[in-house]
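Peer 1: Construct the entire structure; sequences and hints are all you get.
Sequence order for the protein chains is L and G. Reminder that position 85 of the first sequence reads as 85 in this note's numbering, one-by-one numbering, no gaps. Reminder that position 9 of the second sequence reads as 390 in this note's numbering, one-by-one numbering, no gaps.
Quick caveat, the hints were computed from the structure, so don't treat them as lab data. Beta carbons are placed, not taken as given, at the ideal position from N, Cα and C, and that holds for glycine. You may find that some hints are simply not true.
Claimed, not checked - Just some of the chain G residues that point at chain L, by a computed CB distance under 10 Å:
id, residue
1, Asn416
2, Thr424
3, Val471
4, Phe475
5, Thr531
6, Glu551
7, Thr577
8, Lys602
9, Tyr622
10, Ile625
11, Thr628
12, Gly680
13, His684
Said to hold, decoys possible - With a straight-line Cα cutoff of 25 Å, these simulated SDA-like cross-link-like pairs (lysine to any residue) come out:
id, chain 1, residue 1, chain 2, residue 2
14, L, Lys367, L, Asp381
15, G, Lys549, L, Asp320
16, L, Lys260, G, Gly519
17, L, Lys305, G, Ile605
18, L, Lys191, G, Arg418
19, L, Lys319, G, Ile520
20, L, Lys242, L, Pro152
21, L, Lys276, G, Gly553
22, L, Lys78, G, Thr421
23, L, Lys276, G, Val407
24, L, Lys82, G, Gln528
25, L, Lys276, G, Val471
26, L, Lys245, L, Ser192
27, L, Lys351, L, Glu374
28, L, Lys276, L, Asp306
29, L, Lys78, L, Glu337
30, G, Lys533, L, Lys236
31, G, Lys533, L, Glu220
32, L, Lys78, L, Asn131
33, L, Lys191, G, Thr421
34, L, Lys242, L, Ala154
35, L, Lys191, L, Leu181
36, L, Lys305, L, Asp250
37, L, Lys323, G, Gln687
38, G, Lys533, G, Gly512
39, L, Lys276, G, Tyr422
40, L, Lys319, G, Val572
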Amino acid sequence: MKKNVWGVLITAAMMASLTAGCASNSSTNEVKTTAAADSKTKEAGTEAATEAAKGKEDMTVYMVAKGFQSQYWQAVYKGAQKAAGELGVHLEFQGPDSESDIAQQVQMMNNAVQMKPAAIGLAALDVSALNDSIKSSQDAKIPIIGFDSGVPDAPKGAVVANAATDNYKAGEVAAENTYPLIKDLIAKSSKSVRIGVLNQDATSESIISRGLGFIDKITELIKADGKTVCITGNDKFVTDAKTDKGNSADVILDVAVPSKVEASLMTTDAQTILNKEDTICIFASNQKTGEGLITGDENLGRLGKDVIGVAFDSGTMIKDAIKSGKLAGAVTQAPVEIGYQTVKLAVAAAKGESVADVDTGSQWYNKDNMDSSEISQNLYD
Amino acid sequence: MEKLKNNPLIKAIGTQRLVALLALIVIYLAFGIMNPRFATYNTMVNIFDASYYIGFMAIGICFVIATGGIDLSIGTVLTMSGLVAGYLSVNMGFPIWLVIIICILIGTAFGVINGLLVAKMGLPPFIATLGTMMLSKGIGSIITGAQSVTWKSGSDPEGWYRAIFKIKTESGLLIPTGFLFLIAAAIVMAVVMNKTKAGRYILSLGSNKEATRLSGVNVDKYLIIAYIISGTFAGIAGLAYSTIYSTLLPGGGAGFEMDAIAGVVIGGTSMSGGIGTIAGTMIGVFIISVLKTGLPFVGLQTHYQQVATGLVIIVAVFADVYRNRRKS
Numbered sequence: 001m002k003k004n005v006w007g008v009l010i011t012a013a014m015m016a017s018l019t020a021g022c023a024s025n026s027s028t029n030e031v032k033t034t035a036a037a038d039s040k041t042k043e044a045g046t047e048a049a050t051e052a053a054k055g056k057e058d059m060t061v062y063m064v065a066k067g068f069q070s071q072y073w074q075a076v077y078k079g080a081q082k083a084a085g086e087l088g089v090h091l092e093f094q095g096p097d098s099e100s101d102i103a104q105q106v107q108m109m110n111n112a113v114q115m116k117p118a119a120i121g122l123a124a125l126d127v128s129a130l131n132d133s134i135k136s137s138q139d140a141k142i143p144i145i146g147f148d149s150g151v152p153d154a155p156k157g158a159v160v161a162n163a164a165t166d167n168y169k170a171g172e173v174a175a176e177n178t179y180p181l182i183k184d185l186i187a188k189s190s191k192s193v194r195i196g197v198l199n200q201d202a203t204s205e206s207i208i209s210r211g212l213g214f215i216d217k218i219t220e221l222i223k224a225d226g227k228t229v230c231i232t233g234n235d236k237f238v239t240d241a242k243t244d245k246g247n248s249a250d251v252i253l254d255v256a257v258p259s260k261v262e263a264s265l266m267t268t269d270a271q272t273i274l275n276k277e278d279t280i281c282i283f284a285s286n287q288k289t290g291e292g293l294i295t296g297d298e299n300l301g302r303l304g305k306d307v308i309g310v311a312f313d314s315g316t317m318i319k320d321a322i323k324s325g326k327l328a329g330a331v332t333q334a335p336v337e338i339g340y341q342t343v344k345l346a347v348a349a350a351k352g353e354s355v356a357d358v359d360t361g362s363q364w365y366n367k368d369n370m371d372s373s374e375i376s377q378n379l380y381d
Numbered sequence: 382m383e384k385l386k387n388n389p390l391i392k393a394i395g396t397q398r399l400v401a402l403l404a405l406i407v408i409y410l411a412f413g414i415m416n417p418r419f420a421t422y423n424t425m426v427n428i429f430d431a432s433y434y435i436g437f438m439a440i441g442i443c444f445v446i447a448t449g450g451i452d453l454s455i456g457t458v459l460t461m462s463g464l465v466a467g468y469l470s471v472n473m474g475f476p477i478w479l480v481i482i483i484c485i486l487i488g489t490a491f492g493v494i495n496g497l498l499v500a501k502m503g504l505p506p507f508i509a510t511l512g513t514m515m516l517s518k519g520i521g522s523i524i525t526g527a528q529s530v531t532w533k534s535g536s537d538p539e540g541w542y543r544a545i546f547k548i549k550t551e552s553g554l555l556i557p558t559g560f561l562f563l564i565a566a567a568i569v570m571a572v573v574m575n576k577t578k579a580g581r582y583i584l585s586l587g588s589n590k591e592a593t594r595l596s597g598v599n600v601d602k603y604l605i606i607a608y609i610i611s612g613t614f615a616g617i618a619g620l621a622y623s624t625i626y627s628t629l630l631p632g633g634g635a636g637f638e639m640d641a642i643a644g645v646v647i648g649g650t651s652m653s654g655g656i657g658t659i660a661g662t663m664i665g666v667f668i669i670s671v672l673k674t675g676l677p678f679v680g681l682q683t684h685y686q687q688v689a690t691g692l693v694i695i696v697a698v699f700a701d702v703y704r705n706r707r708k709s
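Peer 2: Given below as structure tokens:
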């Protein structure tokens, strides 16, 4: 018995020393790999530097987008590439991993300023977070062109021009086209009815403007027909909307915003509003909330039956839903045009020419006009 | 081994499970009373939908937690496998059956890496999986060019895979097939944990690693197996999430693992290892899913939901700790 114990102990000790040896070996290996990785990054760094230096001889334009994720940004990129090709400038297009990565975008903007390009295009996720980088860009005399939602409330003179959708107006376009679809429902209903507004966040200016444009316009239209309207839900929207706050009126506007940009959370938001019996209409203010709305309705099946769904932008899911009648329609921006105009403005500003804002526009589309060339060039999969 | 069976902690799991189950029923009924629309069949399907990805992650990580370790990478591995597999399907035209296998195998691969880092290289599980969490997040973005991926819809000829988790009949009736799938997986893994050599060794090494090693068990092997189970189930969870929510966002998924860990802990699995209950975990997962689906019904915004879920976790675990303290 005792012998056995000793045997086990000795084996264990041997094993332990073996593993210890193994462990130290592998840790040195690891150090080596990290060192290798480090040198790789450095190489990449110098490459980028030389590339930028080369580009400087011609002209380099940086574009810092809000993301890279959705096909929307890819369409912007396409337009920007087209303009860069035409004007013969070097284009660097960047965007954070997700549209909630404010810190990452600040980092990208700082890096862009360090590279001293001829001009920078910027679609700000959070303007106040970017304030310092915008100022340093201004100090370095690099003109900034706002695009997409632009850089509202930027320090004076920093942003020389914008190539952007007027998002407030785009929200109004959605409301103007939605109202005729729900007008009779509101007029006929003896009880109060609910209109849901799904927003991806309450920090980015484009989302806030779109949401508010829709809310303010639909309120105005409903009031013009002699009905009362109130607003409830997300604090930011409730505070900023012109609509009266409260929980009881002929029409209740119900604003939802998820705590994080994640498909599951946006689906839950949509389901929450779809689950309220008095809901007659839901407006989703961007592509991802639109997709959340469609997914959320899968189990409930109310869209296209007793709830009118309206979305924003496009993508396969939204286009299919409009074709099948689940969504009544959507508003599309002109992403290709946004990218194109941004680079054009950037080059003009870098050459010292005078530049002015360009509204790249937005259009309502539905099952009937979505195949027309005027609309379809702005729709993407 | 005999001593382990008579451990008062293990005996107590029975009551913990019972309490958790009662809590689940009470929470469900409370939401139902506060808003009658909550107690509908369609909402039940919503709860199931929300439970699949958390449930699969929780089954897997339960094994790792039972070893006394932790796997922080499962949330981002979920997103990465969904992203990469979806990308292969939509952008590269891979057939969907192959994509499903790849989706799960990506999870397995990360399980192997985690297991090797922890068992062979001796990294603390928290650090090792923190590393692979960032790795998986980054690699997913790199492979897809940092673009979101939307899996093929049900109307697509290749959309049959959606029936794994949900069937919608012509008349609009919903059959939550994923629930059966989840429960079957839970039963199989409960048997693995309690009746097989691998499961017993995993529990045993979680209870006392040195003693297990000294009794001649290849501890490293079973430690690696635990992480492989966790990774593989993260891959399955990726499939579930992609099927239910369609869209995957690069850089997303961080934080999902916390829902799974919460489910495991509420179910009565000890964070210090040696105890693991799959049945309890399932109850915990459904408590989380009912809260996620139910809190908006009573008019609470997302931020308040997080507060409520946090409180439930603290109360559930405290109740367990308090009871055990009184017993001993």
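Peer 1: Hints first: check each against the structure and report whether it holds.
Peer 2: Against the structure, the hints come out as follows:
Annotation: interface hint on Asn416(G) holds; nearest CB of chain L at approximately 8 Å, less than 10 Å. With a least beta-carbon distance of about 7 Å to chain L, the hint placing Thr424(G) at the interface is held under the 10 Å criterion. With a cut of 10 Å, the hint placing Val471(G) at the interface with chain L holds, because the nearest CB-to-CB distance is about 9 Å. Because the closest C-beta pair between Phe475(G) and chain L is about 17 Å apart, greater than 10 Å, the hint is violated.
Annotation: interface hint on Thr531(G) holds; nearest CB of chain L at approximately 6 Å, less than 10 Å. The restraint placing Glu551(G) at the interface with chain L is violated, with a minimum CB-CB distance near 13 Å, outside the 10 Å limit. Using the Cβ-Cβ criterion of 10 Å, the hint placing Thr577(G) at the interface with chain L is not satisfied: the shortest such distance is roughly 24 Å. For Lys602(G), the interface hint is violated, the least distance from its beta-carbon to any beta-carbon of chain L being 13 Å, above 10 Å.
Proximity of Tyr622(G) to chain L holds as hinted, the smallest CB-CB distance being about 7 Å (cut-off 10 Å). Taken as an interface hint, Ile625(G) checks out: its beta carbon lies about 8 Å from the nearest beta carbon of chain L, inside 10 Å. A hinted interface residue such as Thr628(G) counts as satisfied when its beta carbon comes closer than 10 Å to some beta carbon of chain L; here the least separation is about 4 Å, so the hint holds. Checking Gly680(G) against chain L by beta carbon gives a least distance of about 9 Å; that is within 10 Å, so the hint holds.
Contact between His684(G) and chain L, as hinted, is supported at the beta carbon level, the nearest pair being about 6 Å apart and thus within 10 Å. Straight-line distance between C-alpha atoms of Lys367(L) and Asp381(L) comes to about 16 Å, which keeps the hinted pair within the 25 Å bound. Distance hint between Lys549(G) and Asp320(L) is fulfilled; the C-alpha atoms sit about 18 Å from each other, no more than 25 Å. A C-alpha spacing of about 19 Å is found between Lys260(L) and Gly519(G), which places the hinted pair at or below 25 Å, so the restraint holds.
In summary, the hint linking Lys305(L) to Ile605(G) is not supported, as the alpha carbons are separated by about 52 Å, beyond the 25 Å threshold. Of the pairs offered as hints, the one joining Lys191(L) and Arg418(G) holds, with about 18 Å between alpha carbons and a cut-off of 25 Å not exceeded. A threshold of 25 Å between alpha carbons decides the hint, and for Lys319(L) with Ile520(G) the separation of about 30 Å lies outside it, so the pair is violated. Only pairs whose Cα atoms come within 25 Å are accepted, and Lys242(L) paired with Pro152(L) is accepted, the gap being roughly 20 Å.
Restraint check for Lys276(L) and Gly553(G): the C-alpha separation of about 20 Å stays at or below 25 Å, so the hint holds. Taking the CA atoms of Lys78(L) and Thr421(G), the gap is near 47 Å; set against the 25 Å cutoff, the hint is violated. Note on Lys276(L) and Val407(G): the hinted pairing holds, with a Cα-Cα distance of about 23 Å set against a maximum of 25 Å. Restraint check: the Cα-Cα separation between Lys82(L) and Gln528(G) comes to about 20 Å, which is no more than 25 Å; the hinted pair holds.
Between Lys276(L) and Val471(G), the direct Cα distance comes to roughly 35 Å. Violation of the 25 Å bound is thereby established for this hinted pair. Taking the CA atoms of Lys245(L) and Ser192(L), the gap is near 15 Å; set against the 25 Å cutoff, the hint holds. For the given pair, Lys351(L) sits about 32 Å from Glu374(L) by alpha-carbon distance, which is inconsistent with the 25 Å threshold. Between the alpha carbons of Lys276(L) and Asp306(L) the distance comes to roughly 12 Å, so the proposed pair stays at or under 25 Å and holds.
Taken as a hint, the Lys78(L) and Glu337(L) pair is honoured in the structure, with Cα atoms around 9 Å apart against an allowance of 25 Å. Between Lys533(G) and Lys236(L) the CA atoms are separated by roughly 35 Å; this puts the pair beyond 25 Å, and the hint is violated. Of the supplied pair hints, the one linking Lys533(G) and Glu220(L) is violated, its CA atoms being roughly 40 Å apart against a limit of 25 Å. Of the pairs offered as hints, the one joining Lys78(L) and Asn131(L) is violated, with about 28 Å between alpha carbons and a cut-off of 25 Å exceeded.
Between the alpha carbons of Lys191(L) and Thr421(G) the distance comes to roughly 23 Å, so the proposed pair stays at or under 25 Å and holds. Straight-line distance between C-alpha atoms of Lys242(L) and Ala154(L) comes to about 24 Å, which keeps the hinted pair within the 25 Å bound. A C-alpha spacing of about 18 Å is found between Lys191(L) and Leu181(L), which places the hinted pair at or below 25 Å, so the restraint holds. Of the supplied pair hints, the one linking Lys305(L) and Asp250(L) holds, its CA atoms being roughly 21 Å apart against a limit of 25 Å.
Between Lys323(L) and Gln687(G) the CA atoms are separated by roughly 37 Å; this puts the pair beyond 25 Å, and the hint is violated. With a CA separation close to 31 Å, the supplied pair Lys533(G) and Gly512(G) exceeds the 25 Å bound. A threshold of 25 Å between alpha carbons decides the hint, and for Lys276(L) with Tyr422(G) the separation of about 15 Å falls inside it, so the pair holds. Distance hint between Lys319(L) and Val572(G) is unfulfilled; the C-alpha atoms sit about 46 Å from each other, more than 25 Å.
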